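Engineer: So you can see what is in the structure, the chains are spelled out below.
Protein chains: 2
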Amino acid sequence: MSELKNDLLLRALNGEELSRPPVWMMRQAGRYLPEYLKLRAKYDFFTRVETPELACEITLQPINIIGPDAAIIFSDILVIPQALGLQVLLDEGKGPLLPKTVNTLQDVENLQVEGAAERLHYVCKAISLAKKELNGRVPLIGFAGAPFTILCYMVEGKGSKTFDKAKSFCFTQSPLAHRLLQKITDATIEYLKAQVKAGVDCIQVFDSWSGMLSSDDFAIYALPYLKQIADALSPLCPVILFPKGSWYALKALSQTSASAIGVDWTCSASFAREQTSNKITLQGNFDSSKLLMPTAHIKREVKKMIGEFGTQRYIANLGHGILPTVPVDHAKAFVEAVQNYPN
Amino acid sequence: MSELKNDLLLRALNGEELSRPPVWMMRQAGRYLPEYLKLRAKYDFFTRVETPELACEITLQPINIIGPDAAIIFSDILVIPQALGLQVLLDEGKGPLLPKTVNTLQDVENLQVEGAAERLHYVCKAISLAKKELNGRVPLIGFAGAPFTILCYMVEGKGSKTFDKAKSFCFTQSPLAHRLLQKITDATIEYLKAQVKAGVDCIQVFDSWSGMLSSDDFAIYALPYLKQIADALSPLCPVILFPKGSWYALKALSQTSASAIGVDWTCSASFAREQTSNKITLQGNFDSSKLLMPTAHIKREVKKMIGEFGTQRYIANLGHGILPTVPVDHAKAFVEAVQNYPN
Chain A
174 MSELKNDLLL
184 RALNGEELSR
194 PPVWMMRQAG
204 RYLPEYLKLR
214 AKYDFFTRVE
224 TPELACEITL
234 QPINIIGPDA
244 AIIFSDILVI
254 PQALGLQVLL
264 DEGKGPLLPK
274 TVNTLQDVEN
284 LQVEGAAERL
294 HYVCKAISLA
304 KKELNGRVPL
314 IGFAGAPFTI
324 LCYMVEGKGS
334 KTFDKAKSFC
344 FTQSPLAHRL
354 LQKITDATIE
364 YLKAQVKAGV
374 DCIQVFDSWS
384 GMLSSDDFAI
394 YALPYLKQIA
404 DALSPLCPVI
414 LFPKGSWYAL
424 KALSQTSASA
434 IGVDWTCSAS
444 FAREQTSNKI
454 TLQGNFDSSK
464 LLMPTAHIKR
474 EVKKMIGEFG
484 TQRYIANLGH
494 GILPTVPVDH
504 AKAFVEAVQN
514 YPN
Chain B
174 MSELKNDLLL
184 RALNGEELSR
194 PPVWMMRQAG
204 RYLPEYLKLR
214 AKYDFFTRVE
224 TPELACEITL
234 QPINIIGPDA
244 AIIFSDILVI
254 PQALGLQVLL
264 DEGKGPLLPK
274 TVNTLQDVEN
284 LQVEGAAERL
294 HYVCKAISLA
304 KKELNGRVPL
314 IGFAGAPFTI
324 LCYMVEGKGS
334 KTFDKAKSFC
344 FTQSPLAHRL
354 LQKITDATIE
364 YLKAQVKAGV
374 DCIQVFDSWS
384 GMLSSDDFAI
394 YALPYLKQIA
404 DALSPLCPVI
414 LFPKGSWYAL
424 KALSQTSASA
434 IGVDWTCSAS
444 FAREQTSNKI
454 TLQGNFDSSK
464 LLMPTAHIKR
474 EVKKMIGEFG
484 TQRYIANLGH
494 GILPTVPVDH
504 AKAFVEAVQN
514 YPN
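Those protein sequences? They're chains A and B, same order as listed. Under the working numbering, the first residue of the first sequence is numbered 174, with each subsequent residue one higher. Under the working numbering, the first residue of the second sequence is numbered 174, with each subsequent residue one higher.
Treat the hints as calculated values from the structure; they're not laboratory data. Just to be clear, a hint being listed does not mean it is correct.
Each pair may be met inside one copy or between any two copies, as identical chains are not told apart.
Said to hold, decoys possible - Below, computed lysine-lysine pairings styled on DSS-like, alpha-carbon distance capped at 27 Å:
no. : residue 1 : residue 2
1   : 211       : 476
2   : 338       : 476
3   : 477       : 424
4   : 370       : 338
5   : 215       : 370
6   : 505       : 338
7   : 476       : 267
8   : 267       : 215
9   : 505       : 334
10  : 477       : 338
11  : 477       : 298
12  : 472       : 338
13  : 370       : 505
14  : 273       : 334
15  : 298       : 452
16  : 452       : 331
17  : 400       : 505
18  : 267       : 334
19  : 211       : 338
Computed from a predicted structure; not experimentally measured.
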């Protein structure tokens, strides 16, 4: 592994003293970049994900164009359902579709955990290529969806505002839901270990839909599996948990083996710091729609955000993914405002 | 006005001592009722809303079939954009569509606040009919959408997971957003006053999308207008504010002139009670997808919920609208579990 020239992210995850926080943006390799749109016009989504050279190129695009302090491998959380044996279609603009959903014991039994990580070898190949291409400029982040979020898609079969079908599956068939969650967890742990072996410097677990659960149900259907992943991966590399919308779980998550917790834009820095007793690194939480403001306003808002989180044990990021409508120079203004802090 | 035989809701809103909490369900007049589906098959959405006899019949359906402690007038929050001059289409199953959205100063200027409440006379007619039909059995709740939520639809033009277009309108054209919010507020206050005059016993303001705002932005774009509405209506009847997802605003809202705050299912009773210093009536927050559990489990969960909120200064309800897939006897089990509490 090449020596990192910029290791701010890893030092922030490690709780070391820094002069300014590192910064990256969720979905930084994405649709706001004209260079990405060019590849999107030529190759469909899963071709981009499954072709290591393309995934590597897309991963590097924001590093070359915007210059954040970390890269994140270009992939998708739904590769896990695919590797477990479910078909996943992606109608771009419309979201994912799983024609065959998981409903019964037989459906769960049919999922093939064994070999799932191997079937995702193309992600590891992309990671190796990206590490080589990055040549130590910044760390590379690996990722996976959290088990509850993956269950949501596997049961619901598509995106949803409330994932009521997935939730009622949990509530009415609780033992089966846990069996499914455990299978997803087992596959995810193997998959993330393979990512580390391929070269990622840390990993982020996206629980994009955990915020649909009450605090009590988060403790039952989300937390135990996040803990398992953190415990399995933390000895290998730092782990960032991002349970979007689960403001109520910050305290419990700060007591896991994870190195950092991502917070979304609805959760204030003061609440997050108070809940986590300032003991863990926090990541977030710029409201993505504020990147549409004039760049001078973006800079002012970034300063305010860093002022609230503080410069220590903090990774500047958005509160959710960057929007396709954000001008490139606005994304750049966001990153530079952090990198030039406090100026 | 006829004397109310069951005034539990009003007494809970007034903070009086009760032997058990009142109960009603958001969207209780809706698609889980076969009787509603029959009318839906015959009349399109806005015909149902705009025909007082139909709106009255639909309002009464859950009272006759399920027996909650309050009725809520059957209508829609998007009647306000219509009354202000915007076309609203509803493709059932797909959600609302506003072909012409609000973007410019001219668009805002074109909105006709004057006469807006009068143009919604059919709602008041439905209220008069429903009051007569209820004949004092239970109180009748009137309602409107909160200004920020109405802005969301007027600017975005349709439903959205994040309402980024509407939010960036606020952030990039803040003075214009406030002008729009004030116009919506003015029309809404007149509309709600007309509802009170027509006979509603209390009102609920639905801020369905305020949870898309950060705590700081809620204080700018949502709270001041909720306050105006509460201040204008509270002298006339009790006001319930339901800012879905805005857990961070409970303290500020408990200090308004509102009589109650609705909390969604992600916010625990203990957090809500603590934030509001037990000074205001709370309403909520059963996870709607739990109504798909067997009725014995529903009863157990309802008891748990009441145990957590307590029987005083509390209105049992769902945390968001009832799902179309809920069996009628499950909805009944929910209502009866509250009414039979503590048995």
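Engineer: Run every hint past the structure and note whether it holds.
Structural biologist: Each hint tested on the structure:
Proximity of residue 211 to residue 476 under the C-alpha cut-off of 27 Å is found in neither arrangement, the shortest distances being 33 Å within a copy and 57 Å between copies. For the homomeric pair residue 338 and residue 476, the shortest alpha-carbon distance between copies (24 Å) is at most 27 Å, but the shortest distance inside one copy (41 Å) is not. In this assembly of identical chains, the alpha carbons of residue 477 and residue 424 lie at most 27 Å apart whether taken from the same copy (24 Å) or from different copies (23 Å). In the homo-oligomer, the alpha carbons of residue 370 and residue 338 never lie at most 27 Å apart, since the shortest distance is 36 Å inside one protomer and 41 Å across protomers.
For the identical chains of this complex, residue 215 and residue 370 are neighbours neither inside a copy (31 Å) nor across copies (62 Å), given an alpha-carbon limit of 27 Å. In the homo-oligomer, the alpha carbons of residue 505 and residue 338 lie at most 27 Å apart only across protomers (21 Å), although the nearest pairing inside one protomer, at 40 Å, exceeds that limit. In this assembly of identical chains, the alpha carbons of residue 476 and residue 267 never lie at most 27 Å apart, being 35 Å within a copy and 41 Å across copies at closest. For the identical chains of this complex, residue 267 and residue 215 are intra-copy neighbours only, at 19 Å inside a copy versus 31 Å across copies, given an alpha-carbon limit of 27 Å.
In this assembly of identical chains, the alpha carbons of residue 505 and residue 334 lie at most 27 Å apart only when taken from different copies (26 Å versus 31 Å within one copy). In the homo-oligomer, the alpha carbons of residue 477 and residue 338 lie at most 27 Å apart only across protomers (23 Å), although the nearest pairing inside one protomer, at 40 Å, exceeds that limit. Taking the shortest alpha-carbon separations for residue 477 and residue 298, neither the intra-copy value of 40 Å nor the inter-copy value of 50 Å comes in at or below 27 Å. Taking the shortest alpha-carbon separations for residue 472 and residue 338, only the inter-copy value of 21 Å comes in at or below 27 Å, while the best intra-copy value is 42 Å.
For the homomeric pair residue 370 and residue 505, neither the shortest alpha-carbon distance inside one copy (31 Å) nor that between copies (55 Å) is at most 27 Å. Both within a single protomer and between protomers do residue 273 and residue 334 lie at most 27 Å apart by alpha-carbon distance, with minima of 20 Å and 24 Å respectively. For a Cα distance limit of 27 Å, the shortest separation of residue 298 from residue 452 qualifies neither inside one copy, at 36 Å, nor across copies, at 59 Å. For the homomeric pair residue 452 and residue 331, neither the shortest alpha-carbon distance inside one copy (37 Å) nor that between copies (42 Å) is at most 27 Å.
Proximity of residue 400 and residue 505 under a CA criterion of 27 Å is satisfied in neither setting, with 35 Å inside one chain copy and 38 Å between copies. Taking the closest pair of Cα atoms, residue 267 and residue 334 come within 27 Å of each other both inside a single copy (13 Å) and across two copies (12 Å). Proximity of residue 211 and residue 338 under a CA criterion of 27 Å is satisfied inter-copy only: 24 Å between copies versus 37 Å inside one chain copy.
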